[in-house]
Amino acid sequence: MATEILSGKVHVNTTINGESTDFLAEPRESLLEVLRETLGLTGAKEGCNDGNCGACNVIMDGRLVNSCCVLAVEASGADVTTIEGIAGPSGLHPLQEKFLEHAALQCGVCTPGFLVSAKAMLDENPNPTEDEVRWWLAGNLCRCTGYDKIVRAVLDAAASMRGEG
Amino acid sequence: MAVETREEAVTIKHHSVDYSVVGTRPIRHDGVDKVTGAARYGADVSQPGQIYGAVTRSPHAHARIRSIDTSKAEALPGVHAVITSADLADPGEKVTGGGEATAVPLKHKSGNVMARGKALYHGHAVAAVAAIDAHTAGEAAALIDVDYEVLPPVMDVLEAMKPGATLLHDDLHTDIAGEASAEPSNVAAKFLFEEGDVEAGFAEAAVVVEREFTFATVHQGYIENHNALALWHGDGELTVWCSSQGHFTIRAEVADILDVPISKVKVIPTEIGGGFGGKTTCYLEPLAAALARKAGRPVKMTMARADILKATGPTPGGYVRVKMGVDSDGKLTAGEAYMAFEAGGYPGSVVAAGCMCVFAPYNLTNVKIEGDDVVVNRPKTHAYRAPGATQAEFASETVVDEICEQLGIDVLDFRTLNSAEEGTWRAGGPAYGRIGHKECVEAARGSEHWNSTLEKPAGTYRGRGVASGFWFNIGFTSSAIARLNPDGTVTLLEGSPDIGGTRSSIAMQFAETLGIGFDDVIPMVVDTDSVGYTDVTGGSRVTFATGYAAHEAANDMRKQMIEGMADVWDVAADSITYENATFTANGESATFKEAAHLLNEDTQQIIGKATVTPEKEGNAFAVHIADVEVDVETGKVTVLRYTAIQDAGVAIYPPYVEGQMQGGAVQGIGWAFNEEYFYDDDGRLRNATLLDYRMPTTLDVPMIETIIVEVPHPGSPFGVRGVGEVPIVPPPAALAIAIYDAVGIRYRDLPMSPHRVYAELAARQNGAEA
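Residue numbers (this note's numbering), protein chains in the order written: chain W, 3 to 167; chain B, 14 to 783.
Keep in mind that the hints were calculated from the coordinates and are not lab data. Values in this document were obtained by computation on a predicted structure and should not be read as measured data. C-beta atoms are modelled at their ideal positions from N, C-alpha and C, and glycine is treated no differently. Treat the hints with care, since some could be wrong.
Quick look at which bits of chain B chain W covers, simulated, 3 or more residues with Cβ under 8 Å [claimed, not checked]: (1) 312 to 321; (2) 476 to 490; (3) 670 to 679; (4) 702 to 708.
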């Protein structure tokens, strides 16, 4: 009977964090499910499974998406960056460093989503104002910090990436 | 008094102690894992061969379960097990303990995990399945056929108490000081706290204000979903992985609900993605274990957000009436309060805590406070950050503001005049030790915010409010084990799940005790087999009590190292001194690290340990200042500026103290303005998504300014009070007062959402026109 269930699976080739990756997925599986349960990339979190909390944010072909609202089969041929791909070989991304310096996390479960979301913003806008940061990050819920230190960390990371830090 | 100012934060110290590790701002030990996605939360753990569980939930708020037909679900390919409450142990009349909650009848605890005979709220679990994948499990759960006899839902506390109200439990009698009422009732318990002579007190009063307040059911709103992974070993031992605020509590509850010896259950804590009181009890853990036992496979479960909102948490909505009297000098003479809190489907709301908090910031000798714990067809309520205090103090602080207005007395002067202080007896007791409410009021008075002028451009409606808050901050039991490593570092094992930086705040106290560095201590949260009993991460107790245990374990380690070095050097132990992280005796000298190496070579194992149950409460006080603008066209209120002031005792790890203050304030802002359970007439929850259960986003709040006040707590080696909970208490009152200052209307119902704010503005407008 397991074969019957498996028979509906689709082969998908995609690029995840720069590496060519193959997986089998049922058409009803979300990209988030496949990242977490099939590929073991558990950095993206499920908080709501309907696009309201941003904890599952990944960057897909340069665009910030909620991976819970993307079907895994849609990732075919795409270039996906997850939280696991944010740090470079030489160390943490400035956003990651600034989140730590500013204590911009408490429980940390929303943190991967915030970092991926903030990276997508800084890729587009390297010099955001506080209002722009707040506007961009409004799709990410954090229940611990009250956002103050997150916003400061993102502004500081942006300054540091511009060479002003 | 020393004042330190950073760009974004101020600290006011009422002491002269200076530490080398405590009070610094290093990067937390678990930080890198949490910014790279490497940290393992509950749902991130898997086991070979695991299958997935799903729960069938009641679509009705109140229904008798006539029968459950599981045959269609069992026949679905890929399904391995189906369970109902019959697969859990018969709870009989056993009692189970519950961490921050008091001991409760097991039939209620087990019944909340899976309905037994009756479904008591929309979303109540009635059956569960395990299948090859999560989708198949979900399909199977939908195939379970439950025959319900639908009963009228009882949704409101005041309705539930009326004579003739539909009863949730035929066998529930009101507990009044240990005596059960003759007739069954929806009132599970009545509490009474009485001090002095309240009638005489009101007779002395020049001004008496009495008001009624209501507040909606709200959820803790942690971003991480509930989860559990259960694995039975061949020898009948059970391992459970889950994120909770207390894995020892989960172990006890799982053992009781399944009737398995506690020694056979090991609970491995994972990282936890927020709890705020809502993860102090089990939901999925016993179900995963029962399914895994039946299926013979490890079972993993996660709870969908809609089910979290329907069936976990929330914290009580309800009703409070407060009456306070003051004499013509502005001195409080008497206080009376009555409150009815939703318990949810089973008894046990936080109403007693609300009763003890309602007047706690003040020196009030004549008080009478009554509280009713009332079952209604809503999810079993649980603690939420200073549980019960926010609701109660929203009422009393709003009344205090009205009294100040009537007397024409400054709100901060009123607080200085009437503040509780060392020796003040709190309703329900005990008398306070050294506390810092007055110092918080002073800090507010001296703050840049309070002394700034709130600009009110023409056509805008702006106002400022201030409110105090109190929360107990308890001790309870914590353990720590410290292992000395050959390289001179220390692995510090503890049993307190780390929700927001407590690994580091505990390790810092350990390091300070021995004079070693922050990075020389490697803190780890370990399973129920690997460290002594530790109560839940709750009650603002971890940095206080587990930090205390770490301090004692450090002292034990030093003692053992001195004894060990006496052997190594062949000297008497009492000739060895330890200062500046160096052992010295008779011309011999070894740093802590050198000693670790020598002791290791001498095959000595140094394991410091401690279990503590600190008696003296930390007693946290906060004062918040809020500036708001009311849009009179829409009723939407915007927070323009917000300052949180709080006595932290001594801030061990200041950035995370500020973080608690900011996060608590923003949760309080959400409670004040947005958050609310919407039930329809059938008792079905209509806003079970994070779009419709609207928690604050980045756009809804400004930066939250913080002023840490340090009045050291005498009951802690480093003066820690605990900081997590009290910052949620003042916001609803401070914001209601600010709205009054802006538009001249007193709002006494939470949340003060745009439609409610607008309705009063429109009614006033219509009244003026009529």
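Here is what the structure says about each hint:
1. 312 to 321: holds (count 3)
2. 476 to 490: violated (count 0)
3. 670 to 679: holds (count 8)
4. 702 to 708: With 4 residues in contact (Cβ-Cβ under 8 Å with chain W), the coverage given for the region 702 to 708 of chain B holds.
Going through the hint list in order, the structure does not satisfy hint 2, though it satisfies all others.
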